Every structure is written in C-alpha cells, then in structure tokens.
Amino acid sequence: MQKLSASAFILCSALALAACSSTSLNDKAPIEDLSGKTTQGADGSRTVGTVDTQSTDPLKDAKGALAQRSFYFDFDSYVLKAEAQPVIEAHAKYLSANKGRKVIIQGNTDERGGREYNLALGQKRAEAVRKSLSLLGVSDAQMEAVSFGKEKPKAQGSDEASWSENRRADLAYQ
Amino acid sequence: MMNRHFFRFDFFRLLALLGLFAAAAAHAQLRIEISGVGANQIPIAIAAFADEGVAPQQASAIIKADLARSGYFKIIDTGVAISETTPVKYSDWKSRGANALVVGSVQRLADGRFDVRYKLLDTLAGSQLSGLAMAVQPQFTRLAAHKIADDIYEKLLGARGAFATRVAYVTKAGSEFRLEVADADGEGVHVALRSNEPIISPAWSPDGTKVAYVSFENKKPVVYVQDLVSRQRIVVANYKGSNSAPAWSPDGSRLAIALARDGLTQVYLVNAEGGGLRRLTNTNAIDTEPQFSADGQSIYFTSDRSGGPQIYRMPADGGEARRVTFQGGYNISPRISPDGRTLAYISRREGRFQLYAMDLANGQELRLSDTAKDESPSFSPNGKYIMYATETGRRGSLEVASVDGRTKYRLSTQAGDIREPSWGPFMK
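Chains as they are written, first to last, in our numbering: chain Y, 1 to 174; chain S, 1 to 428.
Because the hints were derived from the structure by calculation, they are not lab data. Careful: at least some of the hints might be erroneous.
Derived DMTMM-like pairs: lysine to aspartate or glutamate, alpha-carbon spacing no greater than 25 Å straight-line [stated by the list, open to error]:
| # | chain 1 | residue 1 | chain 2 | residue 2 |
| --- | --- | --- | --- | --- |
| 1 | Y | Lys93 | Y | Glu160 |
| 2 | Y | Lys152 | Y | Asp76 |
| 3 | S | Lys373 | Y | Glu160 |
| 4 | Y | Lys154 | S | Glu217 |
| 5 | S | Lys172 | Y | Asp170 |
| 6 | Y | Lys152 | S | Asp77 |
| 7 | S | Lys240 | Y | Asp61 |
| 8 | Y | Lys99 | S | Asp262 |
| 9 | Y | Lys102 | S | Glu391 |
| 10 | Y | Lys81 | S | Asp262 |
| 11 | Y | Lys152 | S | Asp251 |
| 12 | Y | Lys154 | S | Glu197 |
| 13 | S | Lys373 | Y | Asp76 |
| 14 | Y | Lys152 | S | Glu217 |
| 15 | Y | Lys154 | S | Asp77 |
| 16 | S | Lys219 | Y | Asp52 |
| 17 | Y | Lys131 | S | Glu391 |
| 18 | Y | Lys102 | S | Asp262 |
| 19 | S | Lys172 | Y | Asp74 |
| 20 | S | Lys373 | Y | Asp74 |
| 21 | S | Lys240 | Y | Glu83 |
| 22 | S | Lys240 | Y | Asp140 |
| 23 | Y | Lys154 | S | Glu391 |
| 24 | S | Lys172 | Y | Asp57 |
| 25 | Y | Lys152 | S | Asp417 |
| 26 | S | Lys373 | Y | Asp159 |
| 27 | Y | Lys152 | S | Glu176 |
| 28 | S | Lys147 | S | Glu197 |
| 29 | S | Lys219 | Y | Glu165 |
| 30 | S | Lys172 | Y | Glu111 |
| 31 | S | Lys89 | S | Asp122 |
| 32 | Y | Lys154 | S | Glu176 |
| 33 | S | Lys172 | Y | Glu165 |
Since this is a predicted model, take the numbers as computed values, not measurements.
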C-alpha cells in the first residue's frame, strides 16, 4: 500500500515535472525528448523526466539549430545558399538575445589560386554571413568576419570533394 | 702525390670543422636541381683556392656552384689549387678553352678571422680583370665566396650579381610553420619565426634588416614587422577583419597593405611602425596584393572590379587605377622588376597557374614556367631572376627562372613544404 502510493507519487511528480518543463521551454527539441520517455507504457514507474533549468546554453545542444555552424558555397560563389537561411536566423536570434556573446566568422576557400587573392575571397564568404546576421539585427560589436583563405583546409585532398568541403564559412563563438 | 696528401689532410680537417658547425647547419636541407642552362655561356676556369680547407666552407666550391646555377657560365675544372700569387701562363688556360680564370687563397689570421683573397684573370687579354681581399669571421666565409661570385658575375656580364643576397620563405612540416631566412643558394638557413598557425606573404624591408609578414597566430591574419637581428616584432596592422599583403615603400617608411575592416578587402597605407592608416582604394570589389614600383610613384595591385582578378596600377597616393593585364581571366600577384620595366605575375590559362613576365613597354608576355601551381613570384634584386613557389609531387618547392626564360633551377626540402619566397635586397 505504502509502496503503491509512493510510486504513484513519483509518477505524478514526473508528469508534473514534464508538464512544467514543457511549458517553460521555448525550444522544441527537448520537449520531443521528454515525450519519448513518458510513453514508456507499463514500466512507466521507472521513467526519469529531465528538468531543464534553462541555465544550459542552447549553443551546447548538439541537436539544436545552433549546432550547425558551417555554411557551404558553390565554386566561385560568395552568396549564401537558401538552405542556410534558417540556420542564420537561429544564430541571429541567439546573438540578439545574448548580447554578451561574440562570434568570429571564418571564411575559407579551396586550394586553387594565389594565397592572398584566396584570402580576399574567403573574406567575401565570411562577409556574406556577417551581412546576413547584421540584416537580422545582430550588432556589429558582436561579430568579426575574418578569412583563413586556403591556409587552414579542413579537407586535405586535391579533388572536388575536398574543394567543396573547403569552400566554407564557419561560425566560431568566443 | 703531394697534392693528394694535401687534399686528404684538408678533407679531414674540413670534416672536423663541419662537425663543429653541424648544429648550426641542421636546417640546411635545401637541395638544388638545375633544369635548364642558357646559351652563350662564358667558359671560366675556377681553381681551388690555396689552403681553402682551413675555413669552415670551401670558397671555390661555393663560387663554382653560384656561377653554374646562374646559367651564364660553363665551369672548367682546374684540378689543382692555384693561389692568387702564383704566376699564371695565360696561353695554357686559353688553350683549355677558358676565357677567364679564377684563383685565390684562404688564410687563417691570428685573430681567428679568415683572409679570403681572389683574382679574376682574363686569359684572352692576358690581364687581371679584378681582385678582392676580405678578412671575415669564420661564419662569413660562405658570404665572402658569394661576394667573389658577385664580383665575377659583374665583371664578366656587366650586371650586379645577387649571390650574396638572402631569401625569406615559409616552410610547413606537420603542424609547424616556419619563416626561414637563407642565402640565395638555400644554404645557411636561420629560423626567424616558428608557429603552429600559418605564416604567409613575407616581404623584406628595403634595407634588409626586417621582414613584414602575415601570421595567423591570433586566429586571424595580422600583419607584423620583425627585426631579424633583435627579434623584436611589432603589430603593424590588426584591424577588425583580415589584415594582409604587406609591401614596403622603397624608402622603408610605409607599408601598403590589404585590409577588410570595411567589409571587402581594400588597399591601405600604414606607417612601418604602425598607425597613420590611409585608405587608397574605394571600390565594391576585392583590391589586394599592393606592390610599389621601384621609384615609389605607383602601386600595382590585384583587383576583381572587372569580374575576374586582373592587375592594375594607380598613383602611390591613390587615385585612378589603370588596368595592366588583359590576357586571360585570372592574373594575380604582381611584382615589378627593380628597373620598373618588367611585370611578373601569375596567370591562369587552361586551368594552369603559371609564372609570366610582361614587358611593360609593349605589353609582350613571356611564360616562364612549365609547372601548373605557381605562386608568389619575387625578383632577385638585380632583376635577372624570379623566384616563385610551385608544387612538385604534392610538395611545395621553390623555383628560380631567369627573366629571359633561358635558365631555371629548383630549391626543395627533404621534409615538408616550402613556399612564399621573398628575395631580399642588396646589402651594404
């Protein structure tokens, strides 16, 4: 009897916590996680619900939109692709909400051509990202667009796969 | 017999001395391959210098290598050492096909220095053309030999030799980048800067005491000027965005640089000690790689204002730019010869990035390389050669081409990449 009421209590509080966390979160991903765990069925008494105190940085959420920090460019292109827009918006929202955070935008190119001209081309890619963030209201003081040109290639090969991997701008939060 | 013993003795003594200098020479791993020789070479006999084995480096061997590499000389071995005081029978050398004969000696002085003496003899006229005597510290025997080679080059070709000059370049081995300074023949390597982040675009100050370069050690490109002797270095440009492409004004007081502080990369002037920033170009395109002309009146630079990158020229204080290159859709990295008459640059043609030289008087171009990934040309201070980076077998190497396109040689390292050459100025 005592045992039963205790587990009922645990179940209730777990549900309450789940409800609590679902109302307080503004990000969708964690809610989906929780609902997955509460539909355990018969063994629901062993369910452990997660409370998010909101003190964890959404930047650290490996599944969130902010986890995407690389933007890829076509050959000889310095224009952000359409698919980059939601990611840019997520970062813009985060940076606007966290004025203390700073981000370095690092532009890169593939290995073909001169080092200095590539440095300028990488800057153009970083600048494209910076401008998009700026249009969405991110303060200039929070951003710096720099270029690594072809000096710090992520992919070392000399083929199209490596080149397209290296035609990229990365966000590096400070 | 006497000669052989003498040689052996000296050889072992040389080995012992080499051992002493092994630590200093640990980085000297540059190898030279000569792949082309010019026509109309001057046949010159170069004798071993009497007693030259007492010095840490064999002067006559360095002189021979310098002159052979230049492409303008055919070296005739004498087989014997001949001192500058030995009487010479000119007709013997004439009959051996030599138009000139080089003789000399090396002596150890009481204060530890070496007295290096030499004479250049004209075997056809039967007279002395030149001669030098230098008392040098042991570590400068190599330099003394280069100076003798310079003298021979000048007396026989009428143009100043550049063998006694130095080059700066960047090596990459594993994750380590080094800015190194070596003699123009790749020997006598000194490490000026060691870093785990890239180093690019080294540029010698006109007096040869400092090198400006771009280092990524602060996670972004920043322009530094480093005093080679004192190791003191200053940040010349660390503005918001990328800072790059330093080029000295001929008087050494200012640097033209490329900054991206206002969005796109543009050309600016800055004082050599930093500060005094002035913007020179104002376009919504890329303007980079500025280079002063030798007279300091103009700045050549790369711009893609017309679409692809092309080379332009503008007054050194800014103003209207005139396009200089028209052949091909990709022309970058302008360098101007010391006499202002030749423009060296890299052009992409059919997917190959190659070194070209243009006669600025008539716009005539000459392709100087057979390689496909050429970068960063740099004129020798006498304007006769261009050193540039290229790639052989996925490895960076340096090549030197004569501006007339007749001769070529390569400098490579055993380990890692070598790139970004900058040929230093004549030194006093």
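> Within 25 Å, alpha carbon to alpha carbon, are S/Lys172 and Y/Asp57?
Replying inline: violated, 38 Å
>> With the threshold set at 25 Å, check whether the alpha-carbon distance from Y/Lys102 to S/Asp262 stays at or below it.
In response: holds, 18 Å
> Between S/Lys172 and Y/Glu111, does the CA-CA distance stay at or below 25 Å?
Replying inline: holds, 15 Å
>> Check whether the Cα positions of S/Lys240 and Y/Asp140 lie no farther apart than 25 Å.
In response: holds, 11 Å
> Between S/Lys147 and S/Glu197, does the CA-CA distance stay at or below 25 Å?
Replying inline: violated, 36 Å
>> Run the distance test for S/Lys172 versus Y/Asp170: straight-line Cα separation, threshold 25 Å.
In response: holds, 24 Å
> Has the given pair, Y/Lys152 with S/Glu217, been kept, meaning a C-alpha gap of at most 25 Å?
Replying inline: Holds. Y/Lys152 to S/Glu217 sits at ~12 Å (cutoff 25 Å).
>> Check whether the Cα positions of S/Lys219 and Y/Asp52 lie no farther apart than 25 Å.
In response: Roughly 34 Å separates the two Cα atoms, so the pair is violated.
> Within a Cα-Cα threshold of 25 Å, do Y/Lys154 and S/Glu391 meet the stated pairing?
Replying inline: Holds: Y/Lys154 and S/Glu391 sit about 20 Å apart, inside 25 Å.
> CA of Y/Lys152 to CA of S/Glu176, is that 25 Å or under?
Replying inline: Within the cut-off at roughly 12 Å; holds.
> Does Y/Lys154 pair with S/Asp77 here, judged by a C-alpha cut-off of 25 Å?
Replying inline: violated, 52 Å
>> Run the distance test for Y/Lys154 versus S/Glu176: straight-line Cα separation, threshold 25 Å.
In response: holds, 16 Å
Of the hints listed earlier, those the structure fails to meet are numbers 1, 6, 7, 9, 11, 15, 16, 17, 19, 21, 24, 28, in rising order.
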